[in-house]
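Enquirer: Respectively, the protein sequence lines represent chains A and B.
Residue numbers for the first sequence, in full-length UniProt numbering: 1 to 551.
Residue numbers for the second sequence, in full-length UniProt numbering: 1 to 551.
The following label-pair restraints were derived from C-beta to C-beta distances:
#1 B:Val185 - A:Ala433: 48 to 54 Å
#2 A:Gln525 - B:Leu163: 36 to 42 Å
#3 A:Thr421 - B:Asp524: 36 to 42 Å
#4 B:Gly371 - A:Arg10: 43 to 49 Å
I should point out that these hints are in silico values taken from the structure, not numbers from a laboratory.
A quick note: this is a predicted structure, and the numbers were derived from the prediction, not measured.
Backbone N, C-alpha and C fix where the C-beta goes; we use that ideal spot for every residue, glycine too.
Protein chains: 2
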Amino acid sequence: MLEWLRHYRRAALPGDLGAGVVVAMMMIPQGMAYALVAGLPPVAGLYASILPPLVYALFGSSMTQSVGPMAIVSLMTGAAIAPLAAAGTGLHAVLAAQLALVAGAVLLLCGVLRLGFLANFFSRPVMSGFTVGSSLVIAWGQVKPLLGAAPPRWHAPSAMLGLASLALLVLARGHLAPLLRRLGVRPVAADVVAKLAPMVVVLAATGVVAAFDLGAHGIALTGPVPSGLPQLNLATSPDHWRALLQPGLLIGFVVFLISMSAAQTLAQKRGEKLVSNRELVGLGAANVASMVSGAFPVTGSLSRSAVNFAAGANTPLASVISAVLLALALVLPTGWLALLPLPTLAATIIVAVLGMLELDTLKTAWRYDRGDALAWLVTCIGVLTLGVEAGVIVGVVLSMGTLIWRASRPHIAVLGRIPGTEHFRNVDRYPAATSAGLLILRIDANLFFGNVESVNERIEDELRAHPGTRHLVLNMLAVSSIDTTALFALAELNASLKARGIGLHLAEVKGPVMDRLRDSSLPDQLGGRIFLSTAMAADHLNSTSPEKDPR
Amino acid sequence: MLEWLRHYRRAALPGDLGAGVVVAMMMIPQGMAYALVAGLPPVAGLYASILPPLVYALFGSSMTQSVGPMAIVSLMTGAAIAPLAAAGTGLHAVLAAQLALVAGAVLLLCGVLRLGFLANFFSRPVMSGFTVGSSLVIAWGQVKPLLGAAPPRWHAPSAMLGLASLALLVLARGHLAPLLRRLGVRPVAADVVAKLAPMVVVLAATGVVAAFDLGAHGIALTGPVPSGLPQLNLATSPDHWRALLQPGLLIGFVVFLISMSAAQTLAQKRGEKLVSNRELVGLGAANVASMVSGAFPVTGSLSRSAVNFAAGANTPLASVISAVLLALALVLPTGWLALLPLPTLAATIIVAVLGMLELDTLKTAWRYDRGDALAWLVTCIGVLTLGVEAGVIVGVVLSMGTLIWRASRPHIAVLGRIPGTEHFRNVDRYPAATSAGLLILRIDANLFFGNVESVNERIEDELRAHPGTRHLVLNMLAVSSIDTTALFALAELNASLKARGIGLHLAEVKGPVMDRLRDSSLPDQLGGRIFLSTAMAADHLNSTSPEKDPR
Numbered sequence: 001m002l003e004w005l006r007h008y009r010r011a012a013l014p015g016d017l018g019a020g021v022v023v024a025m026m027m028i029p030q031g032m033a034y035a036l037v038a039g040l041p042p043v044a045g046l047y048a049s050i051l052p053p054l055v056y057a058l059f060g061s062s063m064t065q066s067v068g069p070m071a072i073v074s075l076m077t078g079a080a081i082a083p084l085a086a087a088g089t090g091l092h093a094v095l096a097a098q099l100a101l102v103a104g105a106v107l108l109l110c111g112v113l114r115l116g117f118l119a120n121f122f123s124r125p126v127m128s129g130f131t132v133g134s135s136l137v138i139a140w141g142q143v144k145p146l147l148g149a150a151p152p153r154w155h156a157p158s159a160m161l162g163l164a165s166l167a168l169l170v171l172a173r174g175h176l177a178p179l180l181r182r183l184g185v186r187p188v189a190a191d192v193v194a195k196l197a198p199m200v201v202v203l204a205a206t207g208v209v210a211a212f213d214l215g216a217h218g219i220a221l222t223g224p225v226p227s228g229l230p231q232l233n234l235a236t237s238p239d240h241w242r243a244l245l246q247p248g249l250l251i252g253f254v255v256f257l258i259s260m261s262a263a264q265t266l267a268q269k270r271g272e273k274l275v276s277n278r279e280l281v282g283l284g285a286a287n288v289a290s291m292v293s294g295a296f297p298v299t300g301s302l303s304r305s306a307v308n309f310a311a312g313a314n315t316p317l318a319s320v321i322s323a324v325l326l327a328l329a330l331v332l333p334t335g336w337l338a339l340l341p342l343p344t345l346a347a348t349i350i351v352a353v354l355g356m357l358e359l360d361t362l363k364t365a366w367r368y369d370r371g372d373a374l375a376w377l378v379t380c381i382g383v384l385t386l387g388v389e390a391g392v393i394v395g396v397v398l399s400m401g402t403l404i405w406r407a408s409r410p411h412i413a414v415l416g417r418i419p420g421t422e423h424f425r426n427v428d429r430y431p432a433a434t435s436a437g438l439l440i441l442r443i444d445a446n447l448f449f450g451n452v453e454s455v456n457e458r459i460e461d462e463l464r465a466h467p468g469t470r471h472l473v474l475n476m477l478a479v480s481s482i483d484t485t486a487l488f489a490l491a492e493l494n495a496s497l498k499a500r501g502i503g504l505h506l507a508e509v510k511g512p513v514m515d516r517l518r519d520s521s522l523p524d525q526l527g528g529r530i531f532l533s534t535a536m537a538a539d540h541l542n543s544t545s546p547e548k549d550p551r
Numbered sequence: 001m002l003e004w005l006r007h008y009r010r011a012a013l014p015g016d017l018g019a020g021v022v023v024a025m026m027m028i029p030q031g032m033a034y035a036l037v038a039g040l041p042p043v044a045g046l047y048a049s050i051l052p053p054l055v056y057a058l059f060g061s062s063m064t065q066s067v068g069p070m071a072i073v074s075l076m077t078g079a080a081i082a083p084l085a086a087a088g089t090g091l092h093a094v095l096a097a098q099l100a101l102v103a104g105a106v107l108l109l110c111g112v113l114r115l116g117f118l119a120n121f122f123s124r125p126v127m128s129g130f131t132v133g134s135s136l137v138i139a140w141g142q143v144k145p146l147l148g149a150a151p152p153r154w155h156a157p158s159a160m161l162g163l164a165s166l167a168l169l170v171l172a173r174g175h176l177a178p179l180l181r182r183l184g185v186r187p188v189a190a191d192v193v194a195k196l197a198p199m200v201v202v203l204a205a206t207g208v209v210a211a212f213d214l215g216a217h218g219i220a221l222t223g224p225v226p227s228g229l230p231q232l233n234l235a236t237s238p239d240h241w242r243a244l245l246q247p248g249l250l251i252g253f254v255v256f257l258i259s260m261s262a263a264q265t266l267a268q269k270r271g272e273k274l275v276s277n278r279e280l281v282g283l284g285a286a287n288v289a290s291m292v293s294g295a296f297p298v299t300g301s302l303s304r305s306a307v308n309f310a311a312g313a314n315t316p317l318a319s320v321i322s323a324v325l326l327a328l329a330l331v332l333p334t335g336w337l338a339l340l341p342l343p344t345l346a347a348t349i350i351v352a353v354l355g356m357l358e359l360d361t362l363k364t365a366w367r368y369d370r371g372d373a374l375a376w377l378v379t380c381i382g383v384l385t386l387g388v389e390a391g392v393i394v395g396v397v398l399s400m401g402t403l404i405w406r407a408s409r410p411h412i413a414v415l416g417r418i419p420g421t422e423h424f425r426n427v428d429r430y431p432a433a434t435s436a437g438l439l440i441l442r443i444d445a446n447l448f449f450g451n452v453e454s455v456n457e458r459i460e461d462e463l464r465a466h467p468g469t470r471h472l473v474l475n476m477l478a479v480s481s482i483d484t485t486a487l488f489a490l491a492e493l494n495a496s497l498k499a500r501g502i503g504l505h506l507a508e509v510k511g512p513v514m515d516r517l518r519d520s521s522l523p524d525q526l527g528g529r530i531f532l533s534t535a536m537a538a539d540h541l542n543s544t545s546p547e548k549d550p551r
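Hey, can you work out the whole structure from these sequences and the hints?
Expert: As structure tokens, then:
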């Protein structure tokens, strides 16, 4: 904890300072916008950007992760609370904070139980399909505030401001960085400045609103933002804890997946080591802090963390600086924050989520592995048709289904001797000779509950294909572990083969596997023997008959 | 379909006939008892034993499976309907039939989608813990009918009859088969006759009830059983479909797991092949048939199927015969069925589920793999404290967690050359020599989303441990597949190594893996080369520097 601070080098300070300023400027419009996505007052998004990143800096393990509001998590928050309270009400805000507590508690618990390996739960196609589906849902949800009325209607002044903001942001997104580069700005600096376009557009729109009193023309504004730091909020609504349990679990899960995928991308770029169990604790503590601030669930966001990284962040001090700046913004007069036009904020959200609409994963998967492409499509369509929460469940089921399916199809080869050598190879690929009555199989997978049945089926298939078999030798060179289910399956296979007059032998059992097997009764009950090498097994069994060699 | 009938050999008939009679005699008390467990009138258990096994005989793939009511599935049925309707009401019966339809539809759908591999979903310890927990719940639920009143109270005549029946059944269970064997009965026949003890005890108790008019003394009886075959029942209660969806899904899942585990045990004994996708269709169709009969979810039961097998069943004709016999029993006068005393039926249930209380799996797991033993305990305690439905979910989560955990820890070895040879081996286990600047890693697992992160972490760890590395060679001999997630991870690793001036090379890539990789852009972008053998890679890379050998 705080190792980065103990070993802080002075040289890291300029980078951290610059990144802190940039991220704070990015956070103001983003935090307010994502609070709106969650159905909350905009100031909640600022609260979510102060204490949570500070707490994450204490407990997390990533150096450049920027923790705070994030579009998909806000969408899930809004969807989870919608059935319980109307958006904008006090109850809605209380429930959002409670949801952050539930998600935080789930993450902390997983961290204490060292369940960091769960970050491997989603395949990349499933995660990508989920992200794209969620982005479309978020973008669609912002069309109404963008136009000032539900389409196909629109409110002309709002729509003009919204669409103008959108056009400016799209232009800045596509052309600002190249333009700056052509003007001689360093590429990294150009990219970072381009990322500040939302802040500039929001400020400009706010200026226009103030100058022409557009609020009076019916353009919706954020409204008064209470000055001062967030109040400690421990208000609870006891009736709703049960209803928040499942969404809190799912949100905690998604918070972890999104944050880990962002942190891993950056850690690889910096050659850094990420500790997934510490990430769980860091994110869990950040969400508890968000609850205390009266905010809503937060996570590490790839887009913001990438800016933090590009702007020069070396350590979590960058996040501390940006949190302090945001706190200052709330302590200073906040009158100008009340004049932010919602159509412009909607435009910033739409442009932000359009950046998450990447189809590369789908394209690559389509060429490389049609099954993975299908998983992408099913997850995306699941989010669009069933909602974001059901989309997570669809993703889990698909990922787990894929996992079991893959695990349940281990490779098994029939081995034969390469004539004149001690080598045994797959008879399908090498000119290897088998001998009558002796069947040698190499199992190319660890044996565990997910594949014991198919291993068993395959063995029975081969026995049917080699009807005169008297000895079955399993080459165990590729087997690094045998779980309890597989131990029982081996014992049952042994008993069944014994009853049919076939000896079961093992060869090339790895040391650690053999040590474990000695704790079981299998070696004693084995109908055959355990051989050091396949060649020794073949030589011995070819010269004896099973009746003469009972063990 | 019906292949067994087309190739029916006359010699199989006596065995099938005998087994059909035995199973029918076993079915009568068992079916009625398990209907009571599900909160249904006893006759529903008989209905569930006629059409479902007939339909399973048409579609299933197991030769000796006996499909019908089963204790755990009945417990789940009762638990699922309890919140929706009171036991014994007409609505309860309609919902039970609908639940069979939902479970059947789920199974059929899984069969059509060829999801038979899901039978590998539960590890054996989890399945065993679930079975033991459920058995205890069922046994405890029968204490009240056994004693005629909720303990600590009891109704003296009921308790006397119930405890006497229990004592007789426990005696028969432990001592009848050995006694018969000592009297010269063949061991298999002795075992089969012993299994008929429940029928004999029930008949005797019914005789006692009739002779002494015990119904008048307050002993609860089954009550009038409507004569005749089940009426086609298509009554629906539209409001409840939604509420039945989740339990129907869980019941379908458990039906499949229980039936497959029974069928696999017997198929192995007979050296037969089981087709899991056909089992899904057979069980699905049987449950739809159960709905049509106005019954409740059914499955293949190990205890009954084992009796069927031991009594000589050779083909599904045995099940057809037992179904016909049960239908006859309903067509003939059914007055005697009304006098079956419930305390005796409760005793048969308790003795039946005590047979499922096996602790061998726990004991073996405790000695062999403490983690598996823990999974057993957590699942069992989950069923006891949270209920049978939550127990299934706990089991799924535990099994999946174990699966990901195992999959996420692939074995990776640093290889070195055995001096004077072409062989490369794990430096931890062999006196193998590494050379400066060249790091060779062997990845002993298929690469997929579940392990890419830990492979990546391990590679970075090794690079940190070998700071002078200029070339990283991945030996891919043990890698049989690379999914889309792993493809992206390799591409990102390649880019990251390139940026650090390290060449990434592959060696001994299997043919099918290489064919797939050619569909991607990885071979073109690779910072290093793809070598046929590790020795060739080492020879080439030791004689060149990375700058001189860009590809």
